[in-house]
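In case you want the letters, here they are:
2 protein chains.
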Amino acid sequence: MKNLRVGLLGVGTVGGGSFEVLWRNQHEITRRAGCEIRITRVADMDLAKAKALVGDRAEVCDDGFSIVNDPDIDVVLELVGGYGVAKSLVLAAIEQGKHVVTANKALLAVHGDEIFAAARKKGVILAYEAAVAGGIPIIKALREGLTANRIEWIAGIINGTTNFILSEMREKGLPFAEVLKQAQALGYAEADPSFDIEGIDAGHKISLLASIAFGIPVQFNRAHIEGITNLQAEDIRYAEQLGYRIKLLGITRRRPEGVELRVHPTLIPAKRLIASVEGAMNAVWVKADAVGHTMYYGKGAGAEPTASAVIADLVDVARAFAVPAGLRVPSLAFQADAVLDTAVLAREHIESAYYVRLRVEDQPGVLADITRILADGGISLDAVLQREPDAGEHQTDVILLTHRCIESAVDQAIAMIEALPTVLSSAVRLRLEDLD
Amino acid sequence: MKNLRVGLLGVGTVGGGSFEVLWRNQHEITRRAGCEIRITRVADMDLAKAKALVGDRAEVCDDGFSIVNDPDIDVVLELVGGYGVAKSLVLAAIEQGKHVVTANKALLAVHGDEIFAAARKKGVILAYEAAVAGGIPIIKALREGLTANRIEWIAGIINGTTNFILSEMREKGLPFAEVLKQAQALGYAEADPSFDIEGIDAGHKISLLASIAFGIPVQFNRAHIEGITNLQAEDIRYAEQLGYRIKLLGITRRRPEGVELRVHPTLIPAKRLIASVEGAMNAVWVKADAVGHTMYYGKGAGAEPTASAVIADLVDVARAFAVPAGLRVPSLAFQADAVLDTAVLAREHIESAYYVRLRVEDQPGVLADITRILADGGISLDAVLQREPDAGEHQTDVILLTHRCIESAVDQAIAMIEALPTVLSSAVRLRLEDLD
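As given, the protein sequences belong to chains U and C, one line each in that order.
Whatever position you read off the first sequence (first residue = 1), add 399 for the working numbering.
Whatever position you read off the second sequence (first residue = 1), add 399 for the working numbering.
Some hints here could point you the wrong way.
Treat identical chains as interchangeable: a pair holds within one or across any two.
Stated by the list, open to error - Taking lysine to aspartate or glutamate and the DMTMM-like style, the derived pairs with C-alpha atoms no more than 25 Å apart in a straight line are: (1) K670 x E750; (2) K571 x E427; (3) K401 x D736; (4) K520 x E427; (5) K401 x D810.
Since the hints were derived computationally from the structure, they do not count as laboratory data.
All chains, please: the whole structure from these sequences, using the hints.
See the structure below:
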């Protein structure tokens, strides 16, 4: 097998980690791959930083395009990030007939159709194991490990920052804003954390997973995304009393009507294995018709876990290099002519169970009014929790757990419930998934 | 890509499941694979059973060798099981230049060296994803997903029968023999359960995992194997009081001195994710230098979960069919010339922490004598639990948890402790792994 000459673009956390792991484990990797995989050229705008990383172990420059255009480079490793120059570099590399390995979920989620089509046209590999759930080989598991299955749904803890925040909120009973500050101090959240806490990052990842699970185009733009910024500590507490934990899940589900694609805080039964995934760890739960439930757990970020995925892709490229394009695993798991244009369902058509918290007058008949509205809307209840009001208080919290129904029915029912004179504030509504 | 004509040998649980899943999901599989994978011939000694399964969907016969020798068959799917005719069929298929997919862990663990060498010589694929942990794509994760890593250790719940029994023993406080009977009634344990409960089946699987994790020959014959037949309900209870659960783990670990390869009941911290894997489910925990900890969870047995793994192998074969042998993923993950003859360490050289339960006279100085012997042997203690004797009793249980040490030191210390006049019966000794 030929040795693989890799050009690394970007020496940030993941670029640095990939360079070091590939260097340190060169021998072990060659024992498996049967060829040498070497990063021979490195580019970064910050030339000093690149030199500090690489020393004399590779050639360093500040112009990624000079690597992309270098005929001695077989594979371009894009670890620049973002949508800007990264996109130009990836498309230029493809145009040059080079294989590309990237960890750039944002780029693929937003411009995936264009990029995957370009790679297909040129017959090059576009590999992105590191783009979802860091070191967990979830792309490989879905694309190759579960090929026998009709995949039904995926629910993933695929953003470590938010899982860390939710774990801390639950364990310590602290409000979101305070835990966020701690997470920033510890390096678990960025100075501008909005990509993570607003659910955008998880949205990018679940869009890619939906695509390879069901054979549909990457449709991040149609995903319904809610972050954790409005989540209140008391809902975490009530959920726990009812036997649930709240996780920010990326969820995608195939239904006869279309595909659900959504990110939001979700109540899940505390007894499910994925409910015990705490801190910055990631886990992806997959339900498929033949294998049933499987789960994949590990670190979703960090220099070396992400490097693990990046380098696994490089080894795959080394193996597939001399293989005709038609025999390779398709980038998006399904053959290009078998991709279906299945619609992503709008939020109103989501099917879920719901947690609804209401602030109500503590007086007879209130619960009867509320449950009547739900029943009229065809929404059946799984559980009701009514807090005993504190002495002297005349208000209390009512928590309702519904069975599965279509979200528009819940929209209507909640609007009617909020209009009741005995209901004192807006309802808090969270989705609940049994993951069964 | 060419269509793949598969000959199925054996229509037992897994054979039947594989036939049905491939038939049911033909369309979805073809969407991914880009070619049709069809079981065109089926053989089973029980011709009526084979006909009942297949109907007119494939040609049926009672002679596996006629399929193995059929030039129209591309891949032989060996689901006969056992060491006897299965071995002859697999070797004959290889000799005919056919690729082989099998779920037969026993065969590969015992005769793997011979079979893998034969396949290598003929340049054919020998795939066995279904041989370990059923539907969990753990072979693919280790062979391909973690190629960047130096794998340090693996600890797996890789036998569903024993995990079901241990879960029931813990939850219901029942003794082994009683739970075994229940498991047999429920179909979770076979009429002759010895392969499972003696740890042999887990031994087969961990031997294969060790081989692909470290690049060493399959060495089931050197594994140290203890089952769960002697495990007592009170040790499960004591473990729980100390914050641990007892699982039958297959463990393999690379140390400078050699490789540990062992199966035994093991105390693990209750807070570890794998400790919550209950019932007949499987999970494999992998520690590797770059990615850190990852875990893979799912069903380890059953018709359709195992079929999921079998068919994933068939799709891989379809893709690798026209690929030169040197470019394929090696059967045992490492290139044949890079396999190391690393020694499997004898039981005495295992390194572990230990749980030791002693029945002692309830009198002053007993604990001092015991801890002195341990200290003299260089064994330090992590925790001591001494039960209050019941009223009127003059004996009690002492439970010791040690830090990590070499097993021979524990052998010696326990021999000396058992010789103390105040120690009233043989020590119960279990291994404890922190999985950190």
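Hints and how they fare:
| no. | hint | verdict |
| --- | --- | --- |
| 1 | K670 x E750 | within (22 Å within a copy, 33 Å between copies) |
| 2 | K571 x E427 | neither (43 Å within a copy, 46 Å between copies) |
| 3 | K401 x D736 | between (31 Å within a copy, 17 Å between copies) |
| 4 | K520 x E427 | between (34 Å within a copy, 24 Å between copies) |
| 5 | K401 x D810 | neither (60 Å within a copy, 52 Å between copies) |
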